[in-house]
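Student: Sequence:
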Amino acid sequence: MTAGPPAAPAEPAVPAEPVPVLVINGPNLGRLGRREPGIYGAGSHEELAESCRRTGRELGLDVEVRQSDAEADLVRWLHEAADGEIPVVLNPAAFTHYSYALRDAAAQRTAPLIEVHLSNPYAREEFRHHSVISPVASGTISGLGAGSYRLALHAVAREVHGPC
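Last residue of the sequence shown: 189 (my numbering), numbering continuous.
Hints are computed from structural coordinates only; laboratory data are not their basis. Accuracy of the hints is not assured; some may be wrong.
As the list claims (entries may be wrong) - So the derived label-pair ranges between C-beta atoms look like this:
{"hint": "1", "residue 1": "S69", "residue 2": "P160", "range": "27 to 35 angstroms"}
{"hint": "2", "residue 1": "G55", "residue 2": "G187", "range": "18 to 26 angstroms"}
{"hint": "3", "residue 1": "G68", "residue 2": "Q133", "range": "28 to 36 angstroms"}
{"hint": "4", "residue 1": "I64", "residue 2": "G187", "range": "34 to 42 angstroms"}
{"hint": "5", "residue 1": "A95", "residue 2": "G187", "range": "33 to 41 angstroms"}
{"hint": "6", "residue 1": "G170", "residue 2": "Y123", "range": "21 to 29 angstroms"}
{"hint": "7", "residue 1": "R56", "residue 2": "P160", "range": "27 to 35 angstroms"}
{"hint": "8", "residue 1": "N145", "residue 2": "E75", "range": "18 to 26 angstroms"}
{"hint": "9", "residue 1": "R82", "residue 2": "Y123", "range": "31 to 39 angstroms"}
Remember, it's a predicted structure, so these values are computed and weren't measured experimentally. From the three backbone atoms N, C-alpha and C, an ideal C-beta is built for every residue, glycine too.
Work out the full structure, taking the sequences as your base and the hints as a guide.
Tutor: In structure tokens, the structure reads:
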């Protein structure tokens, strides 16, 4: 008897009521499609946001996408998520490497928080190799372009819904 290929992981069960999820994008991500498309891709922030919302609907998640270049906005949104026990997909962008305020806000999470990056920080300049967010996140996904967000939303769905 030969064993077949390993079974794919079960998709999470989709509930009747979608679970709210915040996708929070940091500085310069509002310029996607215009800013270094060779690194960050040619798609706009709105295209990324629509992809996240569409993926969320498929997974029983009600995804709201926000973007700001201001650290205080990101901190406030993380507090809002913590207070509401709302899962977060966070691309802290440049704040990844030095924002202790953002790190401390992320540490207050009361639901899954997945750190994402479009590019692979470890394949870039050395200053990008350290994240102050990763130690307080549920997980980190990077280097897969918009796919990083889709995988993060799948991870959140699995955490909040469980496998089928």
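Student: All the hints need checking, so say for each whether the structure fits it.
Tutor: How the hints compare with the structure:
no., hint, verdict
1, S69 / P160: 27 to 35 angstroms, "holds, 32 angstroms"
2, G55 / G187: 18 to 26 angstroms, "violated, 34 angstroms"
3, G68 / Q133: 28 to 36 angstroms, "holds, 31 angstroms"
4, I64 / G187: 34 to 42 angstroms, "holds, 36 angstroms"
5, A95 / G187: 33 to 41 angstroms, "holds, 36 angstroms"
6, G170 / Y123: 21 to 29 angstroms, "holds, 24 angstroms"
7, R56 / P160: 27 to 35 angstroms, "holds, 28 angstroms"
8, N145 / E75: 18 to 26 angstroms, "holds, 24 angstroms"
9, R82 / Y123: 31 to 39 angstroms, "holds, 35 angstroms"
The earlier numbered hint that this structure contradicts is number 2, and it is the only one.
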